[in-house]
Amino acid sequence: MLEVTNLHARLNDGREILRGIDLSVKAGEVHAIMGPNGSGKSTLAAVLAGREGYEVSEGSVSYLGRDLLVMPADERAREGLFLAFQYPIEIPGVNNMYFLRTALNAQRRHRGEPELDAGQFLRIVRARLKLLDIGEDLLQRAVNVGFSGGEKKRNEILQMAMLEPRLAILDETDSGLDIDALKLVARGVNEQRSPERAIVVITHYQRLLDYVEPDRVHVLQRGRIIQSGDKALAVELERRGYGAAEEAA
Amino acid sequence: MNAVVDFPVRPEARPYLEAFGRDSLARAGREPDWLTGYRKGSLARFAEFGFPSRRSEAWRYLDLRALEQRPMLPAGAQRGGISAQIRAQLAEMALGRPAYRLVLVDGRLAPALSALEGLPPGVWLGSMAAAITERPELVRAGFEALSLDAARPFAALNTAFFADGFVLDIEPGVVVERPVEIIHLSSGAAQGGSLHTRGLIAAGERARASVIESFAGAGHYWRNDVIELNLAAGAELTRVALIEEAAEAWHFGEMLATLGAGASLSSFVMLLAGRTVRHETTVRSEGEASRCELNGAFLLSGRQEANILTTVEHAAAGGETREVFKGVATGRAHGAFQGRITVRPGAQRVDAHQLSRNLVLGPHASIDTKPELEICADDVKCSHGAAVGDLDEAALFYLRARGIPDEQARRMLIEAFVREAVELVGTPLMREHLLQRISRRLASSEE
Chain A
0 MLEVTNLHAR LNDGREILRG IDLSVKAGEV HAIMGPNGSG KSTLAAVLAG
50 REGYEVSEGS VSYLGRDLLV MPADERAREG LFLAFQYPIE IPGVNNMYFL
100 RTALNAQRRH RGEPELDAGQ FLRIVRARLK LLDIGEDLLQ RAVNVGFSGG
150 EKKRNEILQM AMLEPRLAIL DETDSGLDID ALKLVARGVN EQRSPERAIV
200 VITHYQRLLD YVEPDRVHVL QRGRIIQSGD KALAVELERR GYGAAEEAA
Chain B
0 MNAVVDFPVR PEARPYLEAF GRDSLARAGR EPDWLTGYRK GSLARFAEFG
50 FPSRRSEAWR YLDLRALEQR PMLPAGAQRG GISAQIRAQL AEMALGRPAY
100 RLVLVDGRLA PALSALEGLP PGVWLGSMAA AITERPELVR AGFEALSLDA
150 ARPFAALNTA FFADGFVLDI EPGVVVERPV EIIHLSSGAA QGGSLHTRGL
200 IAAGERARAS VIESFAGAGH YWRNDVIELN LAAGAELTRV ALIEEAAEAW
250 HFGEMLATLG AGASLSSFVM LLAGRTVRHE TTVRSEGEAS RCELNGAFLL
300 SGRQEANILT TVEHAAAGGE TREVFKGVAT GRAHGAFQGR ITVRPGAQRV
350 DAHQLSRNLV LGPHASIDTK PELEICADDV KCSHGAAVGD LDEAALFYLR
400 ARGIPDEQAR RMLIEAFVRE AVELVGTPLM REHLLQRISR RLASSEE
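From first to last, the protein sequence lines stand for chains A and B. Counting from 1, position 213 in the first sequence corresponds to residue 212 in numbering that gives the first Met the number 0; the numbering is continuous, with no gaps. Counting from 1, position 423 in the second sequence corresponds to residue 422 in numbering that gives the first Met the number 0; the numbering is continuous, with no gaps.
Certain hints may be false.
Stated by the list, open to error - If the Cβ cut is set under 8 angstroms, some of the chain A residues that face chain B in the computed set are:
no., residue
1, Arg-50
2, Gly-92
3, Ala-102
Everything labelled a hint here was simulated from the structure, so no lab data went into it. Ideal placement from N, C-alpha and C gives every residue a C-beta, glycine not left out.
The following block holds chain A by itself, in its conformation from the complex (with noise of 0.2 angstroms):
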C-alpha cells in the first residue's frame, strides 16, 4: 500500500531532516515508528500527507501504485490518506458537524458517491460516536476552539472513523493523555484494523503500544530508520532507551 524509498526531505531553509527513509506498509497492517524528540517523525507524517514547508530532495513515495508526493493534500485524502494531527488546527467560525460532513461529502463525490444530507450524516455520526463514547456537545461547537487536549484528540479519532480511510497516519495521538483517553485512542484505532486498511502509529512511547498491537516497530533516529522489528522491540526500547538502540544499530 505505501512503499517508501529512500525518502530524503528538507525544511525550505535548508535543514535536512530527512536522510533516507525506508519503509513499506502493507494493507491490513499496523506499524509503529518511534524515535525521539527531533527524529523526524512528525516530518515524516507531515511529507506523507503533503504539507507544504518541505522540500524532497531525493526518494520516492508510492501509495496504492500511484507517486504519492505529486499529489495535493486534500487529493491524497480523497485517496484515502489519512493523518491524525499532533496538533489539530482550531478553526473559528466553522461548525464542527459541517466541517465533518462537508469532508465526508468531498470523499464521497470523489469516489462516485452520492452526497449525504444533514439526515443522513447525523444517523452515520451518532453511531460513531457512541463507539467512541464521545458526547454529541462536540459536533455543535466550531472546529477544535476551545476543546480540551483530549477533546481535540477524540475528535481526531471521530475525524478518523467518519472518513474511513485506506492509510492512516496517527501523529502522536498518545501524547498528553490521560489513561482513559489514551484507552479511548486506541479503541478507535483498533475498531479501524481490517484487512483493506493499514495504520502508521508515530509515537515517543510504548505506553500506546499496550492497547494497539502493531504488526512492525521501526525506530527512527536523526531522519532514518535504525532499527525494525516486532512488537518485542517497542518494549526493549522502553527498557534500554533510544541510546541504546542507536548503539546496536
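Using the hints, position chain B against chain A.
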C-alpha cells in the same frame, strides 16, 4: 428657479440644478411649501459643495470620477406593473417569514408588494410620501435636525430630490415584535439615473423594534439613500442593512442616528454587491449611558470598491460603543474602513472599543483601515485594534488534509471569518438571512 443659482455653482452640480428646475412645475402644488423650501435650500448647498474631492478625509478612498464626469440624474416615476424580474428580486431578498414589509421599487412605494397589515397600536409604518401629509411635524423635525456640511454633499442632494422612502414611528413603550423589512429594488428602468430615498425611524421612550433594509436591483443606477434614526430615552433599535446592488450600480448610504439617555442602537451593515458602495454611519450619543453597537462586513471581488465609515460622538457621560468590522477583498477589489470615535469634554466613563479585521486575498486586492480616536475627557476607556492579513495557512491545510478541495476550503474560511461578525446580529431571523446571502454570494463567485 433662478433663485437657487444665485450661489456659486460647481460645474459638476449644474446638471442636477437644471434637472431640479425642469421638475419644479411638476412638484408645485403636490408638495407642501415647507418641503419645497428644504429642497431648494439643500440644492443650493449641494451646488456650493459640489462633489467631494479625494482630499476630503471621508471620501479619500473612493474614485468618483466616473460619476462626476457623467451625471446620473434623478429618475422619474416608472409606469407599468410589477415585472417578473422585480418579483424574482423580492423573492431573493425577503426574509420569507412573518414580517411587516414595505417595498420600494425604483425609489417609490410599491403597495402591491408591501405587507403592512396588523401593525400593533402605536406604530405607524408607511411611505415617506404618505408621512409628509400624515406625519408632517415628525418629518419636518428630521429635516431641521440634519446638518448639511461639505462632507455630506449627497445628503443635501438627497433632500433636494428624494421621491419617496419610509417612515417608522413608534410611540413610547411600544414593542414591535415582528421584524420590519424595507426592501429597495430597482427594475433597471432607471438606467443611467439616480434613485434618492429617504428613511426615518423615530422610536419613542422604551420603544423596541428590529428593522432590516435590503437593497438589490438590475442595471446601471446610482442609489443615494439617507436614513435618520431617532432613539428616545431607553429605546432599543436594531437596524440591519444588506446591500446587494447590481454589479454596475453605485450605492451611497448615509445613516444618522441620535441616542437619548439609556437608548441602545445595534447596527449591522453587510456590503455584498455593487460596483461602488459606500455606507456611512454617524451616531450622536446625546443622553447619558446610551449604548451603541456598530458592526458590519464587506465581501468584495472583481473590481468592486467599498467603503464603510463610522463616526460615534459621545457628547454625554457613561456611553458605551462596541464596533466589529470585517473586510474581505479578492481579485482587484478595494475596500476601506474608517472608524472614528469622539469623546467630548465632560463625557466621562465612556467605554468604547473598535475592532477592524481584514482579509486581503491575492496580489491585486487591497484594504485600508483607519481607526481614529479623539478623546477630550480623562476618565474613559477607549481602545481599537486593526489587522490586515491572509487566510490562516494552518487552517487551510487542516481542511485540505480532510479531502476538502482547495477552493472550497478557502470559501469555508472566508465564510467563517465573516460569520464571526454576523453572529453579533441579535435577531435570529435576520442573522440567518444574512448568512444565507453570504453563502449564496460565495458560491456564485466560484470560478
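Going down the list of hints, with the structure as the test:
no. : hint    : in the structure
1   : Arg-50  : holds (6 angstroms)
2   : Gly-92  : holds (3 angstroms)
3   : Ala-102 : holds (4 angstroms)
Checked against the numbered hints listed earlier, the structure breaks none of them; every hint is satisfied.
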